[in-house]
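Model the full structure from these sequences, guided by the hints.
These protein sequence lines map, in sequence, to chains A and B.
Oh and the first sequence: position 145 is 145 in our numbering, straight run, nothing missing.
In short: position in the second sequence from 1, add 1000, done, that's our numbering.
Treat the hints with care, as some may be off.
Below 20 Å or equal to it, Euclidean Cα-Cα: the simulated PhoX-like pairs (lysine-lysine) are [stated by the list, open to error]:
1) A:192 - A:22
2) B:1143 - A:192
3) A:49 - B:1139
4) A:22 - B:1022
5) A:192 - B:1022
These aren't lab readings, by the way, just hints derived from the structure by calculation.
Note that this is a predicted model, so its numbers are computed, not measured.
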Amino acid sequence: MSKLSRPPQGESLGLTNCPTCKFLCHLEQGNCPRCGQAVQSRDRTSVQKSWALLITAAILLFPANLYPITIMTSQGQVRQDTIFSGINHLVHLDLLPIAIILFTASILVPMLKIFGLALYLTAISYRLPISKRTLMAGFHIIEWIGRWSMLDLFVISITAALINMGQIWDAKPAPAATAFALVILLTQLAAKVLDTRLLWDRLESKDDTN
Amino acid sequence: MKTEVLDKSIVLCRACDLVVRKRALPTGVRALCPRCHTNLYDTPYCSINGMLALCITALVLYFPANFFPVLEMHFLGSIRTTTIAGGAMAVASQGYWVVGIAVLVAAVIAPGLLILSILTQVLIVKYRLKVPFFRNIYKKLLKQHSLLAQLSMLEIYMISIFVSVFQLSDYTDLYFGIGTFCFTMLFIMVIFMQREYDIEHMWSVLDE
Ligand SMILES: [Zn+2]
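Encoded structure:
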């Protein structure tokens, strides 16, 4: 009877996957027989760790967007660009495809990531009426797309290396670059640290039977 | 005794811990979790010799890709060039060492270590799997694999080069160097290498 209402979880059979090598282990063994890693059914502290990393990233998102990320000198004229004004500048130069790529990688992805992960963590803690399948699909997208924010930093490093001719023409990174790098790092860690199995333990709530 | 039988025929979903009965799959087909649609398992197609060839090719390309300039800029009669590491050093020397390290790790160090790690794994599987010392090294390398794979971002660097070219083409003439060619080839080799590589299969080699 209980089997119908609750699909079998590995935890109820006393089994779990080794976090490192995915070997199917018995929980009472304590360590994975194949690779020696300690095994546990759920990482219950992972929600806390993930929140901590995510909140730090969310705070850093402000300096990353408000301060300039590059400083350009062209014939003695100094021009400081934030992420947004830099993209805006590209639009005015009629480089629309490049502007779209950079907008996606540097503004859309980090914000969606922070918002998405926050929603995900809230859903684990407070049983939000959102389908778990939707949340899980979103999580996989977030995990995959987050790396692409590195694009802007790569472009800055290439530009800074090529363009350094003193007063005539010069490109340098500005303070937001470090904040932005940390946002990428922290959001990636926040997603990696989270034990997604915790979301699926709450099947008793009627909104999310599948 | 009952769980012993269970062990061989079931898998647990990594993302949601659902117990799923394992079935034989034709090649190229993936089993997804019926509940959360996470990838469960597939029939590993993992050719050790193919990976060995790709690793060696990638390793040969790695050095020119990193030491020859990826971009050349012609400006007022002078020629400026940059390598990947050169770009990282440029930002680090301005005081942005967090950015410099991130670029260096993602585009130079992690891909290099990834290639070396897979090469070592392949060689151990081929020749020295029975020796306990090498078995231990093999396990250590497998444990680090997913981290290295996540840190290497050759594909993103590739796109960054093109973005930079378009951004700067308004001001000046840019040319691709030999490094760009080697880097593109390296990128393609690593894609194929990661397609051949199957971490579950590499772990399962230890069980035999
Ligand atoms: Zn699942």
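> Does the structure keep residue 192 (chain A) and residue 22 (chain A) at a Cα separation of 20 Å or less?
Replying inline: Judged against 20 Å, a Cα distance of about 16 Å means the pair holds.
>> Next pair to validate is residue 49 (chain A) with residue 1139 (chain B); report whether the Cα-Cα distance is within 20 Å.
In response: violated (28 Å)
> Would the pair residue 192 (chain A) and residue 1022 (chain B) pass a check requiring their Cα atoms to be no farther apart than 20 Å?
Replying inline: This hinted pair is violated, its Cα atoms lying about 27 Å apart.
> Straight-line Cα separation of residue 1143 (chain B) and residue 192 (chain A) no greater than 20 Å?
Replying inline: Between residue 1143 (chain B) and residue 192 (chain A) the Cα gap is close to 15 Å, so the pair holds against 20 Å.
> If you draw a straight line from the CA of residue 22 (chain A) to the CA of residue 1022 (chain B), is it 20 Å or shorter?
Replying inline: holds (15 Å)
Of the numbered hints given earlier, the model fails hints 3 and 5; all others are met.
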